[in-house]
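Peer 1: Here is how the chains run, residue by residue.
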Amino acid sequence: MSVKVEVIEGGVPHNKIMIAGLVSTLVCIYLTYLNAFTNTEVFSFFGGLAVVSALIWGSHTIKVLCSYGIGTGVPSAGMIAFGSGVIAMLLATKFGMLAPIVALVLAAVIGFILGYVSNNILNMKIPAMVQALTEMAVVGALTVMGFAALITGGFTFTGLTTSATSIMGMPSYGNSFLGGGLIAVAFLLGAIAIQHPFNACLGPGWKQDRMLMLTAECGFLSMIVAAVMSFALISAESAIISLIIALIGWFYTYAQYFVLSKRDAAAWLDSKPIPDTEGH
Amino acid sequence: MSAVAAKPQAGGAMNPTAMAVGVVLLIIILGVCWFVSPNLGLMALIGIIIGGVLIGFGTHFVPVGGAPAAMGQAPGIATGVAMLAAGAGLAGLFGGAWAAEQGMVVAVVTGGIGGGLMMAITCLMVNFVYVFGMGIPAASGKVLHDPITGDSQAEYKSQGTEGHGLPFVCFVGGVIGGILGGAGGTLIYLELLSLYEASFPTMMNATLAQITPVAVSVAGMFAVALFLVNAVLTAYNITGTIEGPHDPKFKRWPRAIVASAVASALCGFVAILIVAM
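Chains as they are written, first to last, in numbering that gives the first Met the number 0: chain V, 0 to 279; chain P, 0 to 276.
Note that these hints are calculated values from the structure, not bench results. One should not assume that every hint holds.
[To be verified] The list that follows gives simulated cross-link-like pairs (lysine-lysine, DSBU-like), each with its CA atoms no further than 30 Å apart:
#: 1; chain 1: P; residue 1: 156; chain 2: P; residue 2: 250
#: 2; chain 1: V; residue 1: 124; chain 2: V; residue 2: 261
#: 3; chain 1: V; residue 1: 124; chain 2: P; residue 2: 141
#: 4; chain 1: P; residue 1: 248; chain 2: V; residue 2: 124
#: 5; chain 1: P; residue 1: 250; chain 2: V; residue 2: 124
#: 6; chain 1: V; residue 1: 124; chain 2: V; residue 2: 15
#: 7; chain 1: P; residue 1: 250; chain 2: P; residue 2: 141
#: 8; chain 1: V; residue 1: 15; chain 2: V; residue 2: 261
[What the hints assert, rightly or not] Label-pair ranges, simulated between beta-carbon atoms:
#: 9; chain 1: P; residue 1: 132; chain 2: V; residue 2: 199; range: 19 to 27 Å
#: 10; chain 1: P; residue 1: 136; chain 2: V; residue 2: 251; range: 49 to 57 Å
#: 11; chain 1: P; residue 1: 135; chain 2: V; residue 2: 257; range: 34 to 42 Å
#: 12; chain 1: P; residue 1: 196; chain 2: V; residue 2: 111; range: 31 to 39 Å
#: 13; chain 1: V; residue 1: 265; chain 2: P; residue 2: 14; range: 53 to 61 Å
#: 14; chain 1: V; residue 1: 257; chain 2: P; residue 2: 23; range: 51 to 59 Å
#: 15; chain 1: V; residue 1: 234; chain 2: P; residue 2: 97; range: 31 to 39 Å
#: 16; chain 1: V; residue 1: 12; chain 2: P; residue 2: 135; range: 25 to 33 Å
#: 17; chain 1: V; residue 1: 257; chain 2: P; residue 2: 144; range: 53 to 61 Å
#: 18; chain 1: V; residue 1: 104; chain 2: P; residue 2: 146; range: 24 to 32 Å
#: 19; chain 1: P; residue 1: 207; chain 2: V; residue 2: 33; range: 47 to 55 Å
#: 20; chain 1: P; residue 1: 69; chain 2: V; residue 2: 11; range: 28 to 36 Å
#: 21; chain 1: P; residue 1: 150; chain 2: V; residue 2: 18; range: 43 to 51 Å
#: 22; chain 1: P; residue 1: 144; chain 2: V; residue 2: 12; range: 51 to 59 Å
Values in this document were obtained by computation on a predicted structure and should not be read as measured data. Virtual Cβ for every residue (Gly too), placed ideally from N, Cα, C.
Generate the whole structure from the sequences, applying the supplied hints.
Peer 2: Pasting the structure below:
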């Protein structure tokens, strides 16, 4: 039995994944803006798709960085990605429609400076460090923004702090994405989903398509949880649409990941016991 | 350069040029903050920087063993810096947040005790598992005698390992690290909370009582984010594992102080811009 290798070593180049991930994430986040145009909330699910594409990009960035053996474990990369990303994202939400672009630029600046700090001041001297930390801050910011769009249907500061339901004519702030602390759940859903795939797939048998499929699976799994949370803040129909899309995506990617795992599983060669040449 | 060739990472050496650039960057950020928000914002930013530096410095005390510790081949707690610092710091942060209404000093002390308690329990249970579960004594590989108790270490160290278990000095280091980390995290949270509680009502045109959940949540999220950034930067500084204050790697702390100050100033400034813009 031979192991069929479908992707050559290295697979799709990182820059291609980066550009595809960036463009699809931004497009998906902006598609949730259709909510404001059509005055509905049914397009919120695009936020979840933005999360999945950003995570796929981010997990490949983590692969690029952690191939150098930074010595601190893969999860730390996910933590710094979201730690720096969520800061940029929160400020960017104040810019209304420009929010995703501002989040991108601001996160890139923060990530670049953090990359300089770790590479030069802390003397890490890893060639990919600055670019990787820049990318990961952007991924963190856009992922949390995608979760915000999925859960609330929008990504502006007012939308994230103010609930649509009002109590006795006063707007309610506690029942919102920020006021209700849902952002903390979104933060960790993303941070775990971004670091797990490379942590699980690393090693000599690493295959790019298998790791990215696992990332998509983790992304959709997080999207299921976020879609359930969105029942609290957007209309039930919109939340059900998000939930169904997340479930379908998760079943598909999980099945695909299973297929890829079987493909890459170590082959067992049936070599038989040592032949008994003497005697009979 | 291949991944293997890049393996020998951060040495103990300092990079004076980069340190100078870091200090200049810090002063620039402080200046811009003074320009944007002279009173409230600058005070908050200074508090955030002190908190960040406390976290970065405190993390050096924590005995981080990583994967070798899980196999009983190196002293320390068997997980990564980011996880340990986040565990201790967030425990302290939650403890301090409960006491936020009782003033700065009480809250910061409560946060420190919360973090220290968390690390004390962790160290105790880790040693319990090492001694009674894996059957190994506690011995340090980096020093011949425990700096605090003076106990001899070499006789208890297995050959081919760097030591194992949690000697007394590691335990004390862990508790000190937890106290510093918890206090730093709480300080960041308190500074941001007071800033947001002062600014959000006018910004969002609502009463303080209405706005409190948002202020608490945003300040808490920023504190967690700043904590993780500082903890991971420190993890990069010590490249994975450290035994505690007696470890030679501990001498790298000046680099982490500058790095934490720059990172905290940058992230804290962005957090202040939310209300200053």
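Peer 1: The structure should be examined with respect to each hint, and the outcome stated for every one.
Peer 2: How the hints compare with the structure:
1. P:156 / P:250: 24 Å, holds
2. V:124 / V:261: Between residue 124 of chain V and residue 261 of chain V the Cα gap is close to 38 Å, so the pair fails against 30 Å, i.e. violated.
3. V:124 / P:141: 26 Å, holds
4. P:248 / V:124: Measuring from Cα to Cα gives roughly 17 Å; hence the hint holds.
5. P:250 / V:124: 19 Å, holds
6. V:124 / V:15: 25 Å, holds
7. P:250 / P:141: 14 Å, holds
8. V:15 / V:261: Holds, because 27 Å separates the two Cα atoms, which is no more than 30 Å.
9. P:132 / V:199: 19 to 27 Å: 26 Å, holds
10. P:136 / V:251: 49 to 57 Å: 52 Å, holds
11. P:135 / V:257: 34 to 42 Å: Distance hint for residue 135 of chain P, residue 257 of chain V holds at roughly 39 Å.
12. P:196 / V:111: 31 to 39 Å: 32 Å, holds
13. V:265 / P:14: 53 to 61 Å: 44 Å, violated
14. V:257 / P:23: 51 to 59 Å: 53 Å, holds
15. V:234 / P:97: 31 to 39 Å: 36 Å, holds
16. V:12 / P:135: 25 to 33 Å: 47 Å, violated
17. V:257 / P:144: 53 to 61 Å: 55 Å, holds
18. V:104 / P:146: 24 to 32 Å: Distance hint for residue 104 of chain V, residue 146 of chain P is violated at roughly 49 Å.
19. P:207 / V:33: 47 to 55 Å: 36 Å, violated
20. P:69 / V:11: 28 to 36 Å: 34 Å, holds
21. P:150 / V:18: 43 to 51 Å: Violated: the Cβ-Cβ distance is about 59 Å, outside 43 to 51 Å.
22. P:144 / V:12: 51 to 59 Å: For residue 144 of chain P and residue 12 of chain V the Cβ distance comes to about 54 Å; the hint holds.
In this structure, the earlier hints numbered 2, 13, 16, 18, 19, 21 are contradicted, and the remaining ones agree with it.
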